[in-house]
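Asks: Here's the letter readout for the chains.
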Amino acid sequence: MGIFKLDPEVYRRYKDQVLKLCNSFQRIDQPGLSDKQIAEQLGLDERTVTEIRCVAERDCYPLEEWEKAIEFKRKATLEWSALALKRPELKDK
Amino acid sequence: MSLPPNASATLKSGALKSGATVCGIADAAAFDAHAPDGHRPGDLLPGAKSVVVVGGAQPRAGDWAATSPWVLQTMGTTERIQSVGRKLAQYIESELGYYALYVPPGTASGDTPFLSFMLAAQLAGLGSRSLAGPVLNREHGFMYWSAVITTAPFEADAAEQAPACPAPPCREMWEREKTTPCLTICPASNGGCLEGKLEDGRAVRTFYDAARCNTRVHTHWIGGFQKVLEATLNEPDKDRRKMLLYGDFMTRTLWAITYSSTNIAQCFECMRVCPAAHGLKEMK
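Same order as they appear, the protein sequences are chains S and X.
Just so we're aligned, residue 1 is where the first sequence starts under this note's numbering, counting upward by one.
Just so we're aligned, residue 1 is where the second sequence starts under this note's numbering, counting upward by one.
Simulated from the structure, these hints should not be mistaken for lab results.
Every residue gets a Cβ at the ideal spot worked out from N, C-alpha and C, and that includes glycine.
Hints are supplied without guarantee of correctness; some may be wrong.
Far from chain S, some chain X residues (derived; all Cβ distances over 10 Å) [to be verified]:
no.: 1; residue: S2
no.: 2; residue: A7
no.: 3; residue: A9
no.: 4; residue: M75
no.: 5; residue: Q82
no.: 6; residue: D111
no.: 7; residue: P153
no.: 8; residue: T179
no.: 9; residue: G201
no.: 10; residue: R241
no.: 11; residue: W255
no.: 12; residue: T258
no.: 13; residue: Y259
Using C-beta positions, here's what the derived DEER-type ranges look like [said to hold, decoys possible]:
no.: 14; chain 1: S; residue 1: R12; chain 2: X; residue 2: R241; range: 36 to 46 Å
no.: 15; chain 1: S; residue 1: R47; chain 2: X; residue 2: P113; range: 10 to 20 Å
no.: 16; chain 1: X; residue 1: A159; chain 2: S; residue 2: I28; range: 16 to 26 Å
no.: 17; chain 1: S; residue 1: P88; chain 2: X; residue 2: E177; range: 38 to 48 Å
no.: 18; chain 1: S; residue 1: Q26; chain 2: X; residue 2: L245; range: 29 to 39 Å
no.: 19; chain 1: S; residue 1: I28; chain 2: X; residue 2: P104; range: 29 to 39 Å
no.: 20; chain 1: S; residue 1: D92; chain 2: X; residue 2: E199; range: 29 to 39 Å
no.: 21; chain 1: X; residue 1: Y99; chain 2: S; residue 2: K75; range: 44 to 54 Å
Construct the entire structure; sequences and hints are all you get.
Replies: Written out as structure tokens, the structure reads:
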């Protein structure tokens, strides 16, 4: 027994297709599908699609992207503070 | 058993008294045209007739103007509006005798919610989706949402007709520069999440990278924890493992996910620059 574990080979095979069909990357006129709908389209069972999606959502970007997020927010916050408070020197804090 | 006269008005009045800034009601059946099978009110509560939505707990001007991103990251939380949702669910069951399911604010699987609060807010007439993504209320801008699915057949509100987005300054910016504040701050073409355009005066989002947005909205949250844990498990050197586990990233993440400090939505940059989200109010 144990928890449901996705076969890494199945993950590698279907990851890109599941990401393309789910809500992770949204394009105009192309609404994301539910796991059930993706499963029907790819001939997989829903639980497997759910697991592929969950792992892929986290696997899309490396840890470095989280660090970039921190830097992005630091810079954007200071730029806004400088504008909103009319304190241009804050931008370079 | 039917609802007493003015049941909808009484419910809304109670919601506002409990701390909601806005309250609206959506017809549960209205989700069918927008949400996929498995993500509709009746999937969670069979026989659902209405979805009651409350919004509020928006950041204050001081929060938006703070020089540290960790202020909004810590103050921006759904918790305050969730308590109003829970009260409404209790009221509907105890006073009116109908099933009331408070929609959990977490996820049903991975990053997928039980029910889209943003869709619920739109269908309840409380706002409309912005180019950046969040639903904006015309009067109050960006806010947090909570929802209750119920078998009570409340009178449903109509969807909002005139969207808050694009705001007049954004239309002017589009005319001049073919961009908007939110597209400028977070462009998908340059490491961000968004692509879009204004067409016939309406905002049209053409691309959204939810996975990257997740690294920004939930930087110190579940995803960040999983990533650092993975890096730690893969790190053979015990001193380097210690640096990862004891460092600021992991520490802040643990503060957040253990609710030692409330940290849920953590990126506000598309909303910070949005004139319709909160405006650039002059404060003394």
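Asks: Indicate, hint by hint, whether the structure satisfies it.
Replies: Verification of the supplied hints:
1. The Cβ of S2 (chain X) sits about 34 Å from the closest Cβ of chain S, beyond the 10 Å cut-off, so the non-interface label holds.
2. The claim that A7 (chain X) lies off the interface holds: its Cβ sits roughly 33 Å from the closest Cβ of chain S, which is beyond the 10 Å cut-off.
3. For A9 (chain X), the shortest C-beta to C-beta distance to chain S comes to about 35 Å, beyond the 10 Å cut-off, and the non-interface label holds.
4. Taking the minimum C-beta to C-beta distance to chain S, about 13 Å, the non-interface status of M75 (chain X) holds against the 10 Å cut.
5. Against chain S, the non-interface label of Q82 (chain X) holds: every CB pair exceeds 10 Å, the least being about 23 Å.
6. Not every Cβ of chain S is farther than 10 Å from the Cβ of D111 (chain X); the closest lies at roughly 5 Å, contradicting the non-interface assignment.
7. Non-interface status of P153 (chain X) relative to chain S is upheld: no Cβ of that chain comes within 10 Å, the nearest being about 27 Å off.
8. Listed as a non-interface residue, T179 (chain X) keeps its Cβ farther than 10 Å from every Cβ of chain S; the least gap is roughly 16 Å.
9. At the 10 Å boundary, the C-beta of G201 (chain X) stays outside the reach of chain S, the nearest C-beta of that chain being 17 Å off.
10. Residue placement check: R241 (chain X) keeps its beta carbon more than 10 Å from all beta carbons of chain S (closest about 14 Å).
11. For W255 (chain X), the shortest C-beta to C-beta distance to chain S comes to about 15 Å, beyond the 10 Å cut-off, and the non-interface label holds.
12. With a cut of 10 Å on Cβ distances, T258 (chain X) stays outside the contact zone with chain S, its closest approach being about 18 Å.
13. Every Cβ of chain S is farther than 10 Å from the Cβ of Y259 (chain X); the closest lies at roughly 20 Å, confirming the non-interface assignment.
14. The given range of 36 to 46 Å is broken by R12 (chain S) and R241 (chain X), whose C-beta atoms sit roughly 27 Å from each other.
15. For R47 (chain S) paired with P113 (chain X), a C-beta distance near 19 Å keeps the hint of 10 to 20 Å intact.
16. The beta-carbon spacing between A159 (chain X) and I28 (chain S), approximately 20 Å, falls within the hinted interval of 16 to 26 Å.
17. Between P88 (chain S) and E177 (chain X) the C-beta distance comes to about 21 Å, which lies outside the given range of 38 to 48 Å.
18. In this structure, Q26 (chain S) and L245 (chain X) meet the distance hint of 29 to 39 Å, their C-beta atoms being roughly 35 Å apart.
19. The hinted range of 29 to 39 Å is satisfied by I28 (chain S) and P104 (chain X), whose Cβ atoms lie roughly 30 Å apart.
20. Distance hint for D92 (chain S) and E199 (chain X): a CB-CB separation of about 37 Å, consistent with the stated range 29 to 39 Å.
21. Here the CB-CB span from Y99 (chain X) to K75 (chain S) is close to 48 Å, well matched to the stated 44 to 54 Å.
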